[in-house]
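Asker: Next come the chains, spelled out residue by residue.
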Amino acid sequence: MPFPPFQMIAGVPLTWYLTLSAVLFALGVAGFLFRRNIITVFMSIELMLNAVNLTFIAFSYKLRQNDGHIFSFFVMVVAAAEAAVGLAIILTVFKNRQTLEIDEVSSLKD
Amino acid sequence: MDTVVFLIFAAIAVICAVNLVVQTHPIASALSLIGVMGSLAGIYLQLGGEFIAAAQLVVYAGAIMVLFVFVIMLLNEGKERKARRRLWVTFAGLPLLLVFVALIHNLILHVLPPSDSVQFGVFTGGTAEAIGMKLFTGYLLPFEVTSVLILIAIVGAIVLARKEVD
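Protein sequences, first through last, are from chains A and B.
Under the numbering used here, think of the first position of the first sequence as 10, with each following residue one higher.
Under the numbering used here, think of the first position of the second sequence as 20, with each following residue one higher.
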């Protein structure tokens, strides 16, 4: 039984929200692994954070508590801090190496 | 009605997310990400998260994405080059991804009772008043620590991105 039929329950099944979150998270993982541009990889991380936020909000609805909202608020704050520092790092990398290809920035590995 | 609204927002979110992954130019990816965040804000609203929906639009789709777009335009790298990948990565990546999603979906269906449903207006604990009450009573210490984190991030960003002055 993939989805419950429409008429059985009023409203949207909660599982749809969680499945949407899983789909978005998987797409974020795919972008993180497949893209070669540092900025696009970074945006994929933001997509994954958004997917997790959706799960928080959905369970917050199910439990009728707003603690999940506060946690996703903190996730947003951390994402903002991460974006500021991460984009500064990207600027520095580009200034020193003139490239945004993630495979060419491997001096820690070599 | 709720289902139609959800399906519209979910379709926009998924299409934009696929576009984010598929596009090779970072500015197209950034615009797709803004689409994802906007439609997620609509879904939060449907789940009763008024404050979070507004914060999503202001903080994520506003502030963070403007930062991204600034950096993309500042660096002006253009399209990324075609990457050399191994053959099995090209052909096994998408099926593995689908298997991952199917597993999670199956898990969700097994763990949650199917009678849980979402209707707009049932849960009203996500107003700014309710969030503020909880944030400044139960979560006061994490909130204050967050401000220190933001301060550290500001100082770090300035130190990293400044010009060297001799």
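What the hints contain is simulated information worked out from the structure, not anything from laboratory work.
C-beta atoms are modelled at their ideal positions from N, C-alpha and C, and glycine is treated no differently.
Don't take each hint at face value.
[Said to hold, decoys possible] Only pairs whose alpha carbons sit at most 27 angstroms apart, straight line, appear in this in silico DSSO-like list of lysine-lysine:
#1 LYS118/A to LYS104/A
#2 LYS118/A to LYS98/B
#3 LYS104/A to LYS153/B
#4 LYS118/A to LYS101/B
#5 LYS104/A to LYS182/B
#6 LYS98/B to LYS104/A
#7 LYS71/A to LYS153/B
[What the hints assert, rightly or not] Restraint-style ranges between C-beta atoms, simulated for each label pair:
#8 SER166/B to GLN74/A: 21 to 29 angstroms
#9 LEU170/B to ARG73/A: 32 to 40 angstroms
#10 VAL178/B to ARG73/A: 43 to 51 angstroms
#11 SER115/A to THR22/B: 43 to 51 angstroms
#12 GLY112/B to VAL87/A: 24 to 32 angstroms
#13 GLN74/A to VAL41/B: 35 to 43 angstroms
#14 VAL141/B to SER115/A: 49 to 57 angstroms
#15 ARG73/A to PRO161/B: 17 to 25 angstroms
#16 THR22/B to LEU72/A: 21 to 29 angstroms
#17 THR156/B to SER116/A: 43 to 51 angstroms
[What the hints assert, rightly or not] These stretches of chain B come out as covered by chain A in the derived footprint (C-beta under 8 angstroms, 3 or more residues):
#18 46 to 58
#19 81 to 95
#20 163 to 176
Asker: Range hint 21 to 29 angstroms: satisfied by the CB atoms of SER166/B and GLN74/A?
Answerer: holds, 24 angstroms
Asker: Please test the hint of 43 to 51 angstroms on the beta carbon pair from SER115/A and THR22/B.
Answerer: holds, 48 angstroms
Asker: Verify this for me: three or more residues of the region 163 to 176 of chain B with a beta carbon less than 8 angstroms from a beta carbon of chain A.
Answerer: holds (count 8)
Asker: Going straight from one Cα to the other, do LYS98/B and LYS104/A come out at no more than 27 angstroms?
Answerer: Given pair LYS98/B, LYS104/A holds - Cα atoms ~18 angstroms apart, limit 27 angstroms.
Asker: Straight-line Cα separation of LYS118/A and LYS104/A no greater than 27 angstroms?
Answerer: Since the Cα atoms of LYS118/A and LYS104/A sit roughly 20 angstroms apart, the hinted pair holds (cutoff 27 angstroms).
Asker: Given the hint of 35 to 43 angstroms, check if GLN74/A and VAL41/B actually sit that far apart at their C-beta atoms.
Answerer: holds, 38 angstroms
Asker: Can the restraint linking LYS118/A and LYS101/B be considered satisfied, given a maximum Cα separation of 27 angstroms?
Answerer: Between LYS118/A and LYS101/B the Cα gap is close to 22 angstroms, so the pair holds against 27 angstroms.
Asker: Lying within 43 to 51 angstroms: is that true of the beta-carbon distance VAL178/B to ARG73/A?
Answerer: Given a distance of about 44 angstroms, which is inside 43 to 51 angstroms, the answer is holds.
Asker: Straight-line Cα separation of LYS104/A and LYS182/B no greater than 27 angstroms?
Answerer: With a Cα-Cα distance of about 10 angstroms, the restraint between LYS104/A and LYS182/B holds, given a limit of 27 angstroms.
Asker: Given the range 21 to 29 angstroms, decide if the beta-carbon distance of THR22/B to LEU72/A lies inside it.
Answerer: Check passed, 22 angstroms falls within 21 to 29 angstroms.
Asker: Would you mind confirming whether the straight-line C-alpha gap from LYS118/A to LYS98/B stays at or under 27 angstroms?
Answerer: holds, 25 angstroms
Asker: Within a Cα-Cα threshold of 27 angstroms, do LYS104/A and LYS153/B meet the stated pairing?
Answerer: It is violated: about 44 angstroms lies between the C-alpha atoms, which goes past 27 angstroms.
Violated hint for the displayed structure: number 3, the only one.
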